[in-house]
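Undergrad: Start from the sequences, fold in the hints, and give me the full structure.
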Amino acid sequence: MRAEHGILAELRDRQEITVLVYEYCRALDAMDLDALVALFTPDCVVDYGPQIRSEGATALHRDLARMWRWARTSHHSGAVQIKFDDVDSAVVCSSVLAWHESPDGSTATMMGQYHDRVRRTTDGWRIATRRQVLTGNDAGFTVAINPFERRPDPRLT
Amino acid sequence: MRAEHGILAELRDRQEITVLVYEYCRALDAMDLDALVALFTPDCVVDYGPQIRSEGATALHRDLARMWRWARTSHHSGAVQIKFDDVDSAVVCSSVLAWHESPDGSTATMMGQYHDRVRRTTDGWRIATRRQVLTGNDAGFTVAINPFERRPDPRLT
Amino acid sequence: MRAEHGILAELRDRQEITVLVYEYCRALDAMDLDALVALFTPDCVVDYGPQIRSEGATALHRDLARMWRWARTSHHSGAVQIKFDDVDSAVVCSSVLAWHESPDGSTATMMGQYHDRVRRTTDGWRIATRRQVLTGNDAGFTVAINPFERRPDPRLT
Chain A
10 MRAEHGILAE LRDRQEITVL VYEYCRALDA MDLDALVALF TPDCVVDYGP QIRSEGATAL
70 HRDLARMWRW ARTSHHSGAV QIKFDDVDSA VVCSSVLAWH ESPDGSTATM MGQYHDRVRR
130 TTDGWRIATR RQVLTGNDAG FTVAINPFER RPDPRLT
Chain B
10 MRAEHGILAE LRDRQEITVL VYEYCRALDA MDLDALVALF TPDCVVDYGP QIRSEGATAL
70 HRDLARMWRW ARTSHHSGAV QIKFDDVDSA VVCSSVLAWH ESPDGSTATM MGQYHDRVRR
130 TTDGWRIATR RQVLTGNDAG FTVAINPFER RPDPRLT
Chain C
10 MRAEHGILAE LRDRQEITVL VYEYCRALDA MDLDALVALF TPDCVVDYGP QIRSEGATAL
70 HRDLARMWRW ARTSHHSGAV QIKFDDVDSA VVCSSVLAWH ESPDGSTATM MGQYHDRVRR
130 TTDGWRIATR RQVLTGNDAG FTVAINPFER RPDPRLT
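Chains as they are written, first to last, in this note's numbering: chain A, 10 to 166; chain B, 10 to 166; chain C, 10 to 166.
In short, the hints are calculated from the structure, not lab data.
Just so you know, not all the hints are guaranteed correct.
Treat identical chains as interchangeable: a pair holds within one or across any two.
Listed below are the simulated SDA-like cross-link pairs for lysine to any residue, each with C-alpha atoms no more than 20 angstroms apart in a straight line [claimed, not checked]: (1) Lys92 x Arg128; (2) Lys92 x Ala137; (3) Lys92 x Arg62; (4) Lys92 x Ala39; (5) Lys92 x Arg140; (6) Lys92 x Phe150; (7) Lys92 x Cys102; (8) Lys92 x Thr138; (9) Lys92 x Ala36; (10) Lys92 x Ala44; (11) Lys92 x Ala47; (12) Lys92 x Asp41; (13) Lys92 x His14; (14) Lys92 x Glu25.
TA: Quick look at the structure:
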């Protein structure tokens with residue numbers, strides 16, 4: 010792939026995709042849903058869990074208004090890993106730690122991963138599909154995020 | 010901007026600025042205040058909150074000695090986003106999760122963002138101004154950090 | 010060093026080393042120990058603490074099976090700082106926040122740093138030595154990780 014992509018162009022693409030992932034968390038904490046939705050393709054599919062799925066950027070904007078039920082949130086994004094399919098498409102895995110506080114002061118914390126497919130568009134890189142999985146949570150967090158599957162324990166097989 | 014900056018030089022600058030942000034947290038946990046203050050310009054302004062503001066690197070060094078009241082701290086820096094004003098100046102937004110433990114074993118955790126202006130100097134990139142805002146905290150954390158403002162809820166306007 | 014390394018080659022090396030550090034945490038949460046051990050040199054030395062040390066990739070694979078005692082883990086890797094010794098070797102400091110949940114639902118959280126030496130091999134960058142130090146932990150986390158040393162408090166000397 011590097012022969013066609015070019016190392017310099019690839020490094021710049023990695024930087025832009027990494028910021029795309031970071032910016033989602035920043036915009037979500039700010040509840041700047043216009044900025045957030047602009048990170049996705051119009052035909053995006055965003056899958057947080059069996060009952061929490063948005064198809065299309067317009068639906069995503071509408072659906073994420075559910076986050077107003079929290080008084081504060083703090084999403085910590087990191088560990089962005091990018092694998093290019095070709096120069097215009099990549100799969101991305103990143104980690105997130107998300108803290109949420111209700112108006113009554115109770116809190117809920119979850120940890121997980123985002124598994125994205127990103128596409129180059131004329132306006133830059135955009136998230137085409139996003140799937141969140143849950144690697145950990147405290148008792149306060151009760152949303153049914155997609156489960157994370159570990160390898161099976163070889164000692165039990 | 011890229012025409013004057015050059016993509017390769019810009020990517021190197023992004024790498025150096027990103028490490029500048031990371032190094033602040035590493036040096037603070039180590040209470041290596043000499044190394045920490047060397048990340049700032051001599052005329053820096055660092056604003057943690059209405060009553061917690063340091064003007065100049067000498068004042069910052071003196072003021073951060075307040076962190077000795079903690080027995081241990083662990084600052085987790087990430088999501089560094091950089092926007093260049095020109096080739097020698099940029100604004101930077103990053104996230105932090107900071108855990109603090111008192112000598113009595115009680116703990117305090119805060120989450121927030123750093124909003125920096127960084128400048129290229131003859132010794133490399135340095136932080137000229139830093140403003141911290143608070144996106145979340147537990148009950149143990151009672152320091153008055155600058156508040157984080159979300160967008161207003163459009164359902165209430 | 011840059012004269013021999015080349016800025017572009019160095020930036021690509023930094024990207025590959027950064028992903029190496031991230032991938033350890035991803036593979037550990039997945040308990041994909043084959044993938045995890047492939048990040049290390051065959052002669053690696055991995056030192057988590059006075060009684061937790063693995064010499065060689067085969068021993069590391071065997072020893073990390075201890076992590077099966079947790080029902081879930083979530084490791085959050087970040088703040089990767091890289092200093093090259095030469096074009097084929099570097100020292101790396103990164104931060105980690107690791108949450109662990111037992112089958113009984115009790116949890117243990119630790120925060121720390123990894124101090125690595127990485128080497129370029131014919132298969133890419135690999136971790137040759139890793140030493141973990143503990144910057145913070147909750148009461149549930151009782152594993153004896155190497156202590157983190159802050160600078161001495163100058164007010165006490």
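Undergrad: Within a copy, between copies, both or neither: which one fits Lys92 and Phe150 at a CA-CA cutoff of 20 angstroms?
TA: neither (31 angstroms within a copy, 35 angstroms between copies)
Undergrad: How would you classify Lys92 and Ala44 at a CA-CA limit of 20 angstroms: within, between, both, or neither?
TA: So Lys92 and Ala44 pass the 20 angstroms test across copies only (16 angstroms; inside, 25 angstroms).
Undergrad: At most 20 angstroms between alpha carbons: which applies to Lys92 and His14, within, between, both or neither?
TA: within (13 angstroms within a copy, 25 angstroms between copies)
Undergrad: Is it within, between, both or neither when you check Lys92 against Glu25 at 20 angstroms Cα-Cα?
TA: Answer is both; intra-copy 14 angstroms and inter-copy 12 angstroms each pass.
Undergrad: When no copy is specified for Lys92 and Cys102, does a C-alpha distance of 20 angstroms or less occur within a copy, between copies, both, or neither?
TA: within (9 angstroms within a copy, 24 angstroms between copies)
Undergrad: For Lys92 vs Arg128, is the C-alpha pair at or below 20 angstroms within one copy, between two copies, both, or neither?
TA: Classified as within; 12 angstroms inside a copy, 22 angstroms across copies.
Undergrad: Quick one: Lys92 to Asp41, C-alpha cut-off 20 angstroms, is that within a copy, between copies, both, or neither?
TA: Between copies only: 18 angstroms across chains, 28 angstroms inside a chain, cut-off 20 angstroms.
Undergrad: Between Lys92 and Ala137, at a C-alpha cutoff of 20 angstroms, which is it: within one copy, between copies, both, or neither?
TA: Classified as within: same-chain Cα gap 15 angstroms, cross-chain 24 angstroms, threshold 20 angstroms.
Undergrad: Checking Lys92 and Arg140: alpha-carbon separation at most 20 angstroms within a copy, between copies, both or neither?
TA: within (16 angstroms within a copy, 28 angstroms between copies)
Undergrad: When Cα atoms must be at most 20 angstroms apart, do Lys92 and Ala39 count as within-copy, between-copy, both, or neither?
TA: between (29 angstroms within a copy, 18 angstroms between copies)
Undergrad: How would you label the pair Lys92, Arg62 (within, between, both, or neither) given a Cα cut-off of 20 angstroms?
TA: Answer is neither; intra-copy 24 angstroms and inter-copy 32 angstroms both fail.
Undergrad: Check Lys92 against Thr138 for me: Cα-Cα at most 20 angstroms, and say if that holds within a copy, between copies, both or neither.
TA: Within one copy, since 15 angstroms is at most 20 angstroms while 26 angstroms is not.
Checked against the numbered hints listed earlier, the structure breaks hints 3, 6; every other hint is satisfied.
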